[in-house]
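Just so you know, the protein sequences line up as chains A and B, in that order. In terms of this note's numbering, the first sequence opens at residue 1 and continues consecutively. In terms of this note's numbering, the second sequence opens at residue 1 and continues consecutively.
I should point out that these hints are in silico values taken from the structure, not numbers from a laboratory. The structure presented is a predicted model; accordingly, all values stated were derived computationally and were not measured. Don't take every hint at face value.
[What the hints assert, rightly or not] Covered stretches of chain A, as calculated for chain B (at least 3 residues, CB under 8 Å):
1. 11-24
2. 29-37
3. 64-78
4. 105-118
[Unchecked claim] Using 27 Å as the maximum straight-line C-alpha spacing, the simulated DSS-like pairs for lysine-lysine come out as follows:
5. B:LYS116 - A:LYS96
6. A:LYS92 - A:LYS10
7. A:LYS92 - B:LYS30
8. A:LYS10 - B:LYS30
9. B:LYS30 - B:LYS116
10. A:LYS10 - A:LYS96
Every residue gets a Cβ at the ideal spot worked out from N, C-alpha and C, and that includes glycine.
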Amino acid sequence: MAERYSSFEKGGRRWLWQRITAGFLVVVLAFHFFLLHFVNHADEVTFAMSSARMESLAYYSLMVLFLITATFHGVNGVYNALENQGLTGTPKRVVKYTLIAASLVLVVQGIRTANAWAGLPTF
Amino acid sequence: MSQSYDRGLVEDFGRWREFSAGMWAWVFHKFTGWVLVGYLFTHIAVLSTAISAAGQSSEVIAANNDVYTTVIVTLESLLVVRILEVGLLAVAVFHILNGCRLLLVDLGVGLDSQDKSFYASLILTGAIVVASVPTFLAGVF
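One chain only, chain B, in its complex shape:
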């Protein structure tokens, strides 16, 4: 016999004090998903400068003075962009790790330790992000 679980209205964030690990996993997965899809559109918009750059002369491209290279180098010289990239890494790593957890749950693997795997996703995300900070901030100061 199938069982149902009424999770209540998670969208009512006033209930956040009552949220269990599973609720937080759901909220974080949605939040990181919204950020990533927003970034995807922004990312393609920025990379589209390559279309203009392709029309520039080979001398300009060889000298790295084309519009695409200039835009990327200028953005990467800004500390705020580097910090946002670290944030993007955090969001992407959590979404990947929690997504792997969801795939396993869908396959019926580890159903009894869903809360533990959520905490493991959070800790691993933190560790990967902290370890990546030097690489992401290199050369900006």
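Same shape as in the complex, but just chain A:
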């Protein structure tokens, strides 16, 4: 019988979440690009217009979910790529916690920014 050749960990679910977030991001990233480059041109962006969009609860929650899924998908992708390169042991643990910390900073900063537009506290 052939040897198991895979970088997936047995019983892991990160691969599944990578694909679930991918399915969501395909739609929302295309929407984001289309809205901010074709419907509204990027050079016409103003704080007032961004605020008007973000004051809608539907848009605000979609953008926060977009931020969280994009961060997970991107950072998990980086971790997978480094795992593929053969990262193991202590360096792997250091990378893991660094990426988790970077993700938290990114999500918190992104939510603060969204709140600034929506007129909510930026804590």
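Starting from the known structure of chain A, arrange chain B on it as the hints suggest.
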């Protein structure tokens, strides 16, 4: 019975002449992924100027003189930024199309035409990017 496929060390780029369509798809997906995650952090950093702008007076915001609007308008006035945005579009469109292809492969759809769907992703990316150039460069000259 499960089969294994030893792809060899793709990370050894000296082997690039031997790469098949699947190897190139893998390399391009990794490369575009690294670019996109790098951009995500940069994007949030730039947009964070909105936090300072929110503290400015309503007159300044209404006149579009706040720090966020000024930063975005200044960046968008630079040709190099517009060209980088076209590059970002190329990277994002390829990652999306090739990602859809990977999702289909995971579901066992189109396994016999993986190379053809990779070439289709490349051609479609090229077509979408070329068609978008006028929109992305509008008003910069």
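> Among the hints numbered above, which are violated by the structure, and what are their numbers in rising order?
Replying inline: 5
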